[in-house]
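Participant: Letter by letter, the chains look like this.
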Amino acid sequence: MTVSDITVVEITDLGKFYPGAADAALSGVSLTVRRGEVVVLLGLSGSGKSTLLRHIDGLELPSSGSVRALGEEVPALRGTALRALRGRIGFIFQQFEIVGPLTVLENVLTGSLSTLRGPRIGIWTYPRALRLKALGHLDRVGLLERAYQRADTLSGGQQQRVAIARALMQDPEILLADEPVASLDPESSSQVMSLIREIAAERGLTVVCSLHQVELALGWGDRIIGLRAGQVVLDTTTDGLTRDQVMEIYGRVATTTRELQAIEQELSEVRDALLSEELQKDDLQKKDRERDEDAR
Amino acid sequence: MTLVERDRELKLADRVAAVKRPAPKPATIASVAVLASLVVLGVLSIGGLGFSLPEIIGSLNNIPQFVARTLPWAWPGWHYDRDSATLVSDGWAPVWSILAAIASTIGIVIAGTFLAFLVSIPIAYGAARNTTPHAVVLVICRALGIVARAIPAVAFASIFVFLFSLGPLPGILAFFLHSIGMISKMMADAIEQIDEGPRLAIRSTGGSKAQEFWSGVVPQALPAWIAVGLHRADINLRETVILGYVGVAGLGLELSNAIHVLNYRRAFPIVLMIIVLCILFEVVSSIVRSRMLGVRPIGNGIGDTMVRAAAKRSTKIAVAITKPGSTEARAVAIQASMKRPWTGERMASRVAVWVAALVIVGSFVASQAKWSDLLTFWGNLPILLKKDNLWPPTFGIYSPEQVVNAVFVTFQVAFAATLMSAILSIVIGSLAARNVAPNRYVRNGFRVLLLVTRGVPELILAIIFVIVTGLGAQAGTLALAIGGVGLLGKLIADSLEEVPNGPERAISALGATRPQVYFASTVPMSIPAFVSHLLYMLEQNVRAATLLGIVGGGGIGLFLIDSLRVSNYAQASMFIILITLLVIVIEAVAIGIRRALK
Numbered sequence: 001m002t003v004s005d006i007t008v009v010e011i012t013d014l015g016k017f018y019p020g021a022a023d024a025a026l027s028g029v030s031l032t033v034r035r036g037e038v039v040v041l042l043g044l045s046g047s048g049k050s051t052l053l054r055h056i057d058g059l060e061l062p063s064s065g066s067v068r069a070l071g072e073e074v075p076a077l078r079g080t081a082l083r084a085l086r087g088r089i090g091f092i093f094q095q096f097e098i099v100g101p102l103t104v105l106e107n108v109l110t111g112s113l114s115t116l117r118g119p120r121i122g123i124w125t126y127p128r129a130l131r132l133k134a135l136g137h138l139d140r141v142g143l144l145e146r147a148y149q150r151a152d153t154l155s156g157g158q159q160q161r162v163a164i165a166r167a168l169m170q171d172p173e174i175l176l177a178d179e180p181v182a183s184l185d186p187e188s189s190s191q192v193m194s195l196i197r198e199i200a201a202e203r204g205l206t207v208v209c210s211l212h213q214v215e216l217a218l219g220w221g222d223r224i225i226g227l228r229a230g231q232v233v234l235d236t237t238t239d240g241l242t243r244d245q246v247m248e249i250y251g252r253v254a255t256t257t258r259e260l261q262a263i264e265q266e267l268s269e270v271r272d273a274l275l276s277e278e279l280q281k282d283d284l285q286k287k288d289r290e291r292d293e294d295a296r
Numbered sequence: 297m298t299l300v301e302r303d304r305e306l307k308l309a310d311r312v313a314a315v316k317r318p319a320p321k322p323a324t325i326a327s328v329a330v331l332a333s334l335v336v337l338g339v340l341s342i343g344g345l346g347f348s349l350p351e352i353i354g355s356l357n358n359i360p361q362f363v364a365r366t367l368p369w370a371w372p373g374w375h376y377d378r379d380s381a382t383l384v385s386d387g388w389a390p391v392w393s394i395l396a397a398i399a400s401t402i403g404i405v406i407a408g409t410f411l412a413f414l415v416s417i418p419i420a421y422g423a424a425r426n427t428t429p430h431a432v433v434l435v436i437c438r439a440l441g442i443v444a445r446a447i448p449a450v451a452f453a454s455i456f457v458f459l460f461s462l463g464p465l466p467g468i469l470a471f472f473l474h475s476i477g478m479i480s481k482m483m484a485d486a487i488e489q490i491d492e493g494p495r496l497a498i499r500s501t502g503g504s505k506a507q508e509f510w511s512g513v514v515p516q517a518l519p520a521w522i523a524v525g526l527h528r529a530d531i532n533l534r535e536t537v538i539l540g541y542v543g544v545a546g547l548g549l550e551l552s553n554a555i556h557v558l559n560y561r562r563a564f565p566i567v568l569m570i571i572v573l574c575i576l577f578e579v580v581s582s583i584v585r586s587r588m589l590g591v592r593p594i595g596n597g598i599g600d601t602m603v604r605a606a607a608k609r610s611t612k613i614a615v616a617i618t619k620p621g622s623t624e625a626r627a628v629a630i631q632a633s634m635k636r637p638w639t640g641e642r643m644a645s646r647v648a649v650w651v652a653a654l655v656i657v658g659s660f661v662a663s664q665a666k667w668s669d670l671l672t673f674w675g676n677l678p679i680l681l682k683k684d685n686l687w688p689p690t691f692g693i694y695s696p697e698q699v700v701n702a703v704f705v706t707f708q709v710a711f712a713a714t715l716m717s718a719i720l721s722i723v724i725g726s727l728a729a730r731n732v733a734p735n736r737y738v739r740n741g742f743r744v745l746l747l748v749t750r751g752v753p754e755l756i757l758a759i760i761f762v763i764v765t766g767l768g769a770q771a772g773t774l775a776l777a778i779g780g781v782g783l784l785g786k787l788i789a790d791s792l793e794e795v796p797n798g799p800e801r802a803i804s805a806l807g808a809t810r811p812q813v814y815f816a817s818t819v820p821m822s823i824p825a826f827v828s829h830l831l832y833m834l835e836q837n838v839r840a841a842t843l844l845g846i847v848g849g850g851g852i853g854l855f856l857i858d859s860l861r862v863s864n865y866a867q868a869s870m871f872i873i874l875i876t877l878l879v880i881v882i883e884a885v886a887i888g889i890r891r892a893l894k
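Chains as they are written, first to last, in my numbering: chain A, 1 to 296; chain B, 297 to 894.
Same shape as in the complex, but just chain B (with noise of 0.2 Å):
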């Protein structure tokens, strides 16, 4: 080396070391620090909920004799007679009751959110910045939505199970309460986002407010609308399972009966039953929601044939109307245009409306609720005031450290959950993502074990896993973690497809591969989805776990079912007042941690 060489080499060494290092964005220390945290956070729970790998690998041992005490399943209709070891026919009657069962459920997810989706719109309209009649009543709205979504459809069950006695009532209201948080919200956001164009036109004809919102809002709002609608509901037919357990009549009732007896050959028809209803629903309200949202038909099916032929018939008419003429013929055409033309898009609509209203109307019959309780009801009323009845709140039996330690093993569940469904996801997501997958085999089969893993609901494998592993809080851990990959390792996928693809091209033209593409390109660039997925992963465990203790699975929910159990409101009253809390704070924490990503 010449010293002119060293010399400049030195100097290059120089400018090097001075070469300015901007300070990270404070969004970017923010998700660094929200993905540390909750990898140490999941560890430690991991750690303190006493999970070990023998002991996971041992209870696969329980799985044979797990089996042999669920086989043969019994089928309603059929009971297992111990002593022959075999399936003995009830006859008829339990088949039909357990038919009744299920139009009972599906009426009460249906009739609850329907009233919530009625009640919704004047809350909406009071909470959508830009219809709100005065700054009070929007403050008055989003307040009463956000209250509603706080208090979980259980807690508001148990109470209403306790005024108006057991049965499908109970269930409604629930719903129908709890779901105005959800529906209110998204139906005031969908308002938000409107063209404001139309409605300001229809102001410059004169219309008033009223008209204003019916003519120029509503129509555009209302598919979003209705998505949110059967969106809700859909959730909602996912929480009969747990309604069911304080005692609201439907499928969830009597898997709740048939687990208390321990009579596992009787409740795993009903949990694939269970499955069976959640995935078909999805399958239904999706394709009901992106009819709405103007996707044409243009299928091969049998339905979208018939849509088009009927569609090609009425151009007959429009053509009748189209042929110029003298000016009594325009008079004719228009007389004859009063009459609107049969094409296929109106034939749809209307069917469209009479199937959604006699599916309402059924609803509210299958749902066999007991209208009348609404008005007998207020006799409870002065009992449910009287004193230590409901009011005042007490732990009653539990000490506050019990109470505290529930607590805290509520949140070991959900941080614990949150990493173990992260690193599946991570796997499983990207190998269901179009840009990382080897091919469209591979990512196809990860998609549809995502869409099935995302048809269970979390708390029939919270049950499943109380079953084969006890009662506890590592069940309602496994539960969770396996029923977050669902929606996770969708969210992951989905957002892996959104990265730009053209960085992607250029790294794997420079002669990368596959994974070297993957690691330079895809993941940087998908960090940020990544990391708001994951807390809203976690917001959601939460949630699920101050719940999951209803059905066995450990934490706060434990102590709620308890109470209710022994018919102890006073004490049931503490612990909803401390869930509601619990999911409140949870939230805005929620929000504030992702005001500090942006």
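Chain A on its own, in the form it takes in the complex (with noise of 0.2 Å):
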């Protein structure tokens, strides 16, 4: 793939502090992403990758410094240019965050709203060409028998593919994508992340997307950022890069009592998870108990 020498994003000397936090989220943060490129946000939760990300897509104000994406200072755009250049840039989020009382279709159909004039609901009221074009989108994703399924009803890598074919819809030139598999069981995670890199390579699309296994991160972009309690610790081509090279700068090892902080809580959210799971199963039994008894 070709990688232009035209700049997509370009930010420089990004603070964001949020009041009542004893850190800042991002401090100093510079970067240039050009077109075509590839690129993984690569750090421990809680390092400010979101945040970054949203900065980029105008979801978030900067506390300081400046944020340029597609030759537009984001931060300072308002109402109706905000949203177009939102149009431009396509998000995935790590839960999905698509609306499940809707149907599949109509949720990619939500990817075209910049280009539309007032609200919509239903899928009727979004044009012919519109709806053609997303169930091509669902198409590529793989996903056209479930077009109109309620989109609750799929399982979470099709959730995520589902919201790829929305992001599509936009004809996005960058795609953020916000630890796309995070939520996801392996399987599903490798075939979210190839679909991801071969939409990009067939569009030419610009991607930056935040990961923290640094496993999935090597193989798949060719550019890694390195991201530590805010701030850039790592900028390199991923060209003859080793795993253990990468665990040396960016370290799983704690260097901070933030870091630390980080890798606890990440412990404790998979001990949550685990526990609902588990509470979860509890509820299902006790429920087809009750069920069971009822039916005597």
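Among the clues, some could well be false.
Partner residues aside, some chain A positions facing chain B, computed with beta carbon under 8 Å [unchecked claim]:
#: 1; residue: E60
#: 2; residue: R86
#: 3; residue: G100
#: 4; residue: L102
#: 5; residue: W220
#: 6; residue: D222
Below 20 Å or equal to it, Euclidean Cα-Cα: the simulated SDA-like pairs (lysine to any residue) are [said to hold, decoys possible]:
#: 7; chain 1: B; residue 1: K505; chain 2: A; residue 2: A81
#: 8; chain 1: A; residue 1: K133; chain 2: B; residue 2: P322
#: 9; chain 1: B; residue 1: K635; chain 2: A; residue 2: P75
#: 10; chain 1: B; residue 1: K635; chain 2: A; residue 2: G142
#: 11; chain 1: B; residue 1: K635; chain 2: A; residue 2: I123
#: 12; chain 1: B; residue 1: K635; chain 2: A; residue 2: G122
#: 13; chain 1: B; residue 1: K894; chain 2: B; residue 2: P322
#: 14; chain 1: B; residue 1: K505; chain 2: A; residue 2: G118
#: 15; chain 1: A; residue 1: K133; chain 2: B; residue 2: M634
Everything labelled a hint here was simulated from the structure, so no lab data went into it. Backbone N, C-alpha and C fix where the C-beta goes; we use that ideal spot for every residue, glycine too.
Assembly of the complex is requested from the two constituent chains, each provided in isolation within its own frame, with the hints serving as guidance.
Facilitator: This is the structure in structure tokens:
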């Protein structure tokens, strides 16, 4: 794939402080992304990856510094201009964030909202051409036969593919992906990651994708940017890069209390997830028992 | 006892004495205070209302006489001939007119609730923290809701009856305005509970605020909204009875007319019709609500079986699409997918939409409202605004002492009724809880009892008690007490069942009997829920007690209905204001107490 010399994202000395938080979420972040690059943002949870991505799409306002995307100064944009820019940038979320009660097709169609005026509810309120296009994108992600199902009846991996189809509806120039596979099992993860990679290649898309697994990042991106405690600690191409080299710089070894906290947080999240799964299982069993009882 | 042992014991006694007793939590103090004051005030109120066992037993002796006055029931189309003591047919005309009254009642309820639903959408948008465009809008929208909720439907109705003359229209408008209060608040709650993620995703694609709302928020909140609307329609149907007393057309008016001329033979069939209508409506609305919450068609009924059969057929289409193939084949498949297959799900939802639309349009027709009045009533406004017609409010023929006394009685009724239903509900509710009842037949039996009690509107109970025991606060109290068991008993049973059952198992494992387990584990763990249910019940009872007077159950409502009866609107407006204020005060106090309990 060809990487051109045109800069599509330019971040200069970006800082973000949340009121009440002890540390800055981002400080002194500077980086540029050129058209056609596939970049991985690597870092532990709490290192500022999501915050950085959200700034590029204008979902967060910076405390200091500048964010330019597709030639526009993002924080300066308001109203229609901001929406137009967002229309040119696709965003994939960790939790998919598709609208459960709507059909799969309508979810994909919502990706075209920035080109339409006024609210839409129901598939038939979208123009025929857009419907055809949406079905095509659904076919691309392998979910054509699910078009008219409720979106919340799909598995996690399928939901994420719907979200990708929704982003494709925007005909995006940049695709931002915030931990797109963190909530998926390994099988769906690799499906989704290679789907994003393929689509990027087909369309010459610029992709910025945040991840926290080094293994996944190494084989996937052209370039890795490492974030730690809101600062860029690594920015290199992946050619000839070994896992150990990344680990050395990026380090799973905690060097600051903040990282310790992050690791702890991650562990407790995993614990919670396991626990809630267990509880749900219990709950289901209990419900089954009750149903049996009622049936008798 | 050796000296050493004695020494050890002394030391233990010292240590025991030195054990710190932490001060109870403020919430605990608050719940104990609430419980104690409810009991004390309840007992005082029961005494104050002049309840006495001999009298109650004495009134039981009235029952045969009462039954003689009510039997045989004169169903519409018949009347009782006193001389021959038989029922004489009146032909079909009265049957049609009662059917028209039923249709009109349902029409008024659905039309009014539907209008409230529509108007509540923008209000809820402004009143939900996560969608409101501005803090000022939030305050205004919430205030609108609070005011609408505080003014009873019957108060709106009596004003509109004055403006538009009798008929269905005042009822529709009264339900419309009053229901906005509850519907908009609960809609806003539903909006606040949505998952913000999809909304953010729509924003990230470049959607506008309106698009965010309709594509990201509404699809998530709609099932909850519809459930709220149906629930409110349920409540409104129960209130049509009281609107009939102030002149709104429908079954309530028929009942009020029959009772007015003391024709109980005609009244009781109407009472029965209202009860059946309420229960039917509730069953239908709960079926719809459970479907809205995404219950799958897994039953063995005709409907579910048909839906499943239809779903099977549609898989053919799905299979046809999935066949892999060349690019051309894919293009064909995409084209084919432009037509949405008629799956069972789609058919069901299409049918549901059409049925709903038909029902709503039908309601506007069936209510037989004279919508043209909306255009012509302005002519009445000058008369209305003329001095002393509606304004300034005045106590008129009532002395301030009488009014204060009536308010006092209203509170007595509420407290006495709450205590009575609490005692009954603890017994019945416990027996209706799975983890307390000795077996499931007992549990299900009491569940059914509670369900049936809940189905009977309290105002109907009040009317029955007024007929049996005569006018007055005692009839109202008994009606609220018994009517309240339906709700409070269910709430208690539910909260007993929700208690974590680990401790129960642990205590029964150490050899405790069922009652021991109940008092050692089940009850202590459900007390916080119990206190909050009791408070809710009290709040409901005060509201209901202000209105009971309208059907003859004593308290402040009596003054309102009497003022309306003699068309003294300046006096009526005073009592409407007073009742509204009372309701607002009660709600504020209840909110305050709930905060203290947390």
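Participant: Just to be careful: measuring from the Cβ of R86(A) to every Cβ in chain B, is the smallest value less than 8 Å?
Facilitator: Hint on R86(A): holds, closest Cβ of chain B at ~4 Å, below 8 Å.
Participant: What's the verdict on K894(B) and P322(B), does the C-alpha distance respect the 20 Å limit or exceed it?
Facilitator: Given pair K894(B), P322(B) holds - Cα atoms ~9 Å apart, limit 20 Å.
Participant: Was the hint right that E60(A) lines chain B, CB cutoff 8 Å?
Facilitator: Nearest chain B Cβ about 11 Å off; hint violated.
Participant: Is the hint on L102(A) kept, meaning its closest Cβ partner in chain B is under 8 Å away?
Facilitator: Interface hint status for L102(A): holds (5 Å vs cutoff 8 Å).
Participant: Mind checking the CB of D222(A) against every CB in chain B and telling me if the closest is under 8 Å?
Facilitator: This hint is violated: D222(A) lies away from chain B, its Cβ roughly 24 Å from the closest one there, beyond 8 Å.
Participant: Taken at face value, is the distance from the CA of I123(A) to the CA of K635(B) at most 20 Å?
Facilitator: The given pair, whose Cα atoms are some 11 Å apart, holds under the 20 Å limit.
Participant: K635(B) and G122(A): Cα distance at most 20 Å?
Facilitator: Measuring from Cα to Cα gives roughly 14 Å; hence the hint holds.
Participant: Is K635(B) within 20 Å of G142(A), Cα to Cα?
Facilitator: OK: K635(B) and G142(A) at ~18 Å, within 20 Å.
Participant: Are the Cα atoms of K133(A) and P322(B) separated by 20 Å or less?
Facilitator: 62 Å, violated
Participant: Classify the hint on W220(A) as holds or violated, based on whether any CB of chain B lies nearer than 8 Å to its CB.
Facilitator: 22 Å, violated
Participant: Has the given pair, K133(A) with M634(B), been kept, meaning a C-alpha gap of at most 20 Å?
Facilitator: At roughly 10 Å apart (the allowed maximum being 20 Å), M634(B) and K133(A) satisfy the hint.
Participant: Does the alpha-carbon distance linking K635(B) and P75(A) stay inside the 20 Å limit?
Facilitator: 43 Å, violated
Violation of the numbered hints given earlier is confined to hints 1, 5, 6, 8, 9; the remaining hints are satisfied by the structure.
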